[in-house]
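There are 2 protein chains.
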Amino acid sequence: MTPAGSGCRLRIVAIGDELLEGRTADTNSNRIQRALGQHLTRAHDVQVVPDERESIAAALERTVPGDLVFVCGGLGSTPDDLTREAVAAWAGVELRERAPLRERLQRRLRERGLPVPAGVMKQAQLPAGMEPLENPVGSAPGLVGSLRERTVALLPGVPGELQGLLPLVVAWLEERTLLPMVRPARLWRTAQVPESAVVEMCRPVRESWPGLRWSYWLTRWGVDVRIAGEPGSDAELDAAADAIDVALSHRTYAREMLPLPLVVQNELLKRGRTLSVAESCTAGLLGGALTDAAGSSGCFRGGLIVYANEAKQSLAGVSESLLVEHGAVSEPVVRSMAEGCRTRLATDYALAVSGISGPGGGTEDKPVGTTWLAVATPTATFAARYRFLADRTRNRALTVAVAIDSLRRVLDAADDVDPFRDDDFWARRR
Amino acid sequence: MTPAGSGCRLRIVAIGDELLEGRTADTNSNRIQRALGQHLTRAHDVQVVPDERESIAAALERTVPGDLVFVCGGLGSTPDDLTREAVAAWAGVELRERAPLRERLQRRLRERGLPVPAGVMKQAQLPAGMEPLENPVGSAPGLVGSLRERTVALLPGVPGELQGLLPLVVAWLEERTLLPMVRPARLWRTAQVPESAVVEMCRPVRESWPGLRWSYWLTRWGVDVRIAGEPGSDAELDAAADAIDVALSHRTYAREMLPLPLVVQNELLKRGRTLSVAESCTAGLLGGALTDAAGSSGCFRGGLIVYANEAKQSLAGVSESLLVEHGAVSEPVVRSMAEGCRTRLATDYALAVSGISGPGGGTEDKPVGTTWLAVATPTATFAARYRFLADRTRNRALTVAVAIDSLRRVLDAADDVDPFRDDDFWARRR
Chain V
1 MTPAGSGCRL RIVAIGDELL EGRTADTNSN RIQRALGQHL TRAHDVQVVP DERESIAAAL
61 ERTVPGDLVF VCGGLGSTPD DLTREAVAAW AGVELRERAP LRERLQRRLR ERGLPVPAGV
121 MKQAQLPAGM EPLENPVGSA PGLVGSLRER TVALLPGVPG ELQGLLPLVV AWLEERTLLP
181 MVRPARLWRT AQVPESAVVE MCRPVRESWP GLRWSYWLTR WGVDVRIAGE PGSDAELDAA
241 ADAIDVALSH RTYAREMLPL PLVVQNELLK RGRTLSVAES CTAGLLGGAL TDAAGSSGCF
301 RGGLIVYANE AKQSLAGVSE SLLVEHGAVS EPVVRSMAEG CRTRLATDYA LAVSGISGPG
361 GGTEDKPVGT TWLAVATPTA TFAARYRFLA DRTRNRALTV AVAIDSLRRV LDAADDVDPF
421 RDDDFWARRR
Chain X
1 MTPAGSGCRL RIVAIGDELL EGRTADTNSN RIQRALGQHL TRAHDVQVVP DERESIAAAL
61 ERTVPGDLVF VCGGLGSTPD DLTREAVAAW AGVELRERAP LRERLQRRLR ERGLPVPAGV
121 MKQAQLPAGM EPLENPVGSA PGLVGSLRER TVALLPGVPG ELQGLLPLVV AWLEERTLLP
181 MVRPARLWRT AQVPESAVVE MCRPVRESWP GLRWSYWLTR WGVDVRIAGE PGSDAELDAA
241 ADAIDVALSH RTYAREMLPL PLVVQNELLK RGRTLSVAES CTAGLLGGAL TDAAGSSGCF
301 RGGLIVYANE AKQSLAGVSE SLLVEHGAVS EPVVRSMAEG CRTRLATDYA LAVSGISGPG
361 GGTEDKPVGT TWLAVATPTA TFAARYRFLA DRTRNRALTV AVAIDSLRRV LDAADDVDPF
421 RDDDFWARRR
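Taken in sequence, the protein lines are chains V and X.
1 is the number of the first residue of the first sequence in my numbering; add one for each residue after it.
1 is the number of the first residue of the second sequence in my numbering; add one for each residue after it.
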């Protein structure tokens, strides 16, 4: 086994009929990528193949000497589980039963009072040249070793078992210096700006540091930006990061992998402030998102789902005349919802949303996607009109993200500074 | 383009650095597989490759004449988006700008008041031999056509956009008889029972009809069962379906691809009945799910997010003594929440949930996952204790699914029949 240089390629082969029949998404590849993320920017590729010897062999045939090959799935005890046989045949080595493995399997079954199912003992067989890593979760061990000049790891496809074995595989690889050096990277998480605008804001910086690796991706809350460099490029990354900080400015809600609601939650908890919500079109999704993370009960008190106009009146105290004069999707109504909610729930802040998510309900003045947001603070209430242009589901998700980010902007500035003052909101129409 | 026989192979190429960096799981391949599920049992393989011309070309090079090739991702407007160029180069055809596409893109941007970003106009370029399918959700059109004797479909990688385009692609393929004949199938959607129990309930039927193809999969609401046969096997399918109807009985909420909340919504609308919710641990997710579908305002009125105990008192009218004596996660409190909500929102039905989603907050008596549900009807209130054994996110999702299904069971029986009377709830402990 030769130590892997920075050119070491991670190849993933995910095995299983269920991954090709629309039943199960391959999430294991992502787990493997994340476990190796500090060493390798990304996997070279992922091949998803069925439980068939020829398909598995063909996928392995596409790897080349020097590759780091992770194979997941097909290590169980049913007749479908063919990975061991297929790997041994591809490598031209024998399958050998290991007595300690067989004893461990028998002990496991005895302890659980289970009969020994036909075929389970094939889990004690290993391709020659591989060694077992004990599975902390299930019965199938992980297998690691060198075959045909590739470093190969075989892992079970059950996500919990794979997840349990991954740290052991990474440690095994690190001990043998089979992984490239850790690569430095920097991250920005932004909200309220579309991907194309984020790319545009970063363009001058990107042109000044063409040697860095740039990535952009959409999240539930907005757009993330990451730059990565070669080992030892920290000074270069820091210089570029200063320029990106300026370019993205107040649109950045986190510099690490924190979800937006948790950023707001942490800020509220730090200040001992409380929050409530009044929701029309989102009907609870905003409250749901604000309680995604454990610990949310320290700041989130509750809210009012005021889907029908009668509920806006009876729960949030919106006056009938406002509803009649301006309609449910209007600035006066959303302001009244936020202030009524803040009072009724006795919280420091309240968020209110009222919009037309679609597909029906639009008018010429208020087309589908028209959404009013309001933030009530201890000293002021701010409101803004947005227009989302996606389908019902996505319009509601965008409403949730933008509402939470609006409170984040209040907390970043001050209770009496309008969080809607900037003009970079991607879907806003005043 | 030659009509595809039953030997037609579906090859999927998923493109995107984010799929290889541990950030995003490839869920699109599953969507494609499901969209074609009536015609094809499974995909031949999935290749996940980065946003690089050579990698995309190499993946396409592995397909063969006669294949049906779905390529997803890399159709956006950033410099990373190389799919059009890579496909054109692989096919040896030119990229040509289409004037109607350019005009549509410009109109879209104008409507949104956005500047025209550099590069966006490349979305108006198509490899010669392909035609555009208008994207109902986003800006990038889907592209379909015949290249190098393969039928090729290019779809955007944003899941909502891909999902919106898939029916159009399938219709396009069906019109041209480019898919194998539809395989007749029957579907059952069940709630409240774990997958292993559903498999066990169906086992005798499966043994009586060994020639059918059986599939089981988890959904957001429960477990789906599908049986499929060869073209012409409808009589056999109907006979097996009768037996499965009996085996699954009241656990089936739909025999077609309807989401559970829509089943309940349709039933409420048909009867002119109304619904409200009182949510503690789910903090709005239940209301959010019940308004997923357009038309929900005809029956869903609103609700109370009573996350903090003070909110349970002030909003739902739960007495302080009940909370002190029994705790927030208890039968008396969840009953009081449901009844208080039904009264305050003036609805026919009310659902209430209160649980310990975790990871903290568990005790010996009420471990993490303990959840009380209540259904208040015009004539009675029913409650039951569940215990969910997953993580916080999944425990909350299970609570939502089980709560909605409990109302579905009331609507299927009668307002005064306990929906919790059966003993097959997968996570329940009395």
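If you're looking for bench data, these hints aren't it; they were derived computationally from the structure.
Note that CB positions come from ideal geometry on N, CA and C, so glycine has one too.
Don't take each hint at face value.
As the list claims (entries may be wrong) - Stretch by stretch, here's where chain X covers chain V in the computed footprint (C-beta under 8 Å, at least three residues): (1) 39-47; (2) 131-139.
Claimed, not checked - With a Cα cut of at most 25 Å, we get these calculated DMTMM-like pairs of lysine to aspartate or glutamate: (3) X:122 x V:207; (4) X:122 x X:103; (5) X:270 x X:149; (6) V:270 x X:320; (7) X:270 x V:310; (8) X:270 x X:103; (9) V:366 x X:292; (10) V:270 x V:412; (11) X:122 x V:200; (12) X:366 x X:416.
Requested in this report: Measure nothing beyond the straight line between the CA atoms of residue 122 of chain X and residue 207 of chain V; if it is 25 Å or shorter, mark the hint as holding.
Outcome: Satisfied, since the Cα-Cα distance of roughly 21 Å is no more than 25 Å.
Query raised in the report: Between residue 122 of chain X and residue 103 of chain X, does the CA-CA distance stay at or below 25 Å?
Result: Answer holds: residue 122 of chain X to residue 103 of chain X is near 12 Å, not above 25 Å.
**Report entry** Restraint check for residue 366 of chain X with residue 416 of chain X, where alpha carbons must lie at most 25 Å apart
**Finding:** 29 Å, violated
Query raised in the report: Are the Cα positions of residue 270 of chain X and residue 310 of chain V separated by 25 Å at most?
Result: 21 Å, holds
Query raised in the report: Is the hinted pair residue 366 of chain V and residue 292 of chain X satisfied, with a Cα-Cα distance of at most 25 Å?
Result: Roughly 21 Å between the alpha carbons, so the hint for residue 366 of chain V and residue 292 of chain X holds.
**Report entry** Distance restraint between residue 270 of chain V and residue 320 of chain X, which requires alpha-carbon spacing of 25 Å or less
**Finding:** 29 Å, violated
Query - Stated coverage of the segment 131-139 of chain V by chain X [criterion: 3+ residues, CB within 8 Å] - result: violated (count 0)
Query - Given hint residue 412 of chain V paired with residue 270 of chain V - CA-CA distance at most 25 Å - result: 13 Å, holds
Query raised in the report: For the segment 39-47 of chain V, do three or more residues have a beta carbon lying closer than 8 Å to a beta carbon of chain X?
Result: holds (count 7)
**Report entry** Agreement of residue 270 of chain X and residue 149 of chain X with the hint, judged by alpha carbon distance not exceeding 25 Å
**Finding:** Distance of about 51 Å is beyond 25 Å: violated.
Query raised in the report: Taken at face value, is the distance from the CA of residue 103 of chain X to the CA of residue 270 of chain X at most 25 Å?
Result: 44 Å, violated
**Report entry** Given pair status - residue 200 of chain V, residue 122 of chain X, alpha carbons within 25 Å
**Finding:** With Cα atoms ~16 Å apart, residue 122 of chain X and residue 200 of chain V stay inside 25 Å; holds.
Checked against the numbered hints above, the structure breaks hints 2, 5, 6, 8 and 12 and satisfies the rest.
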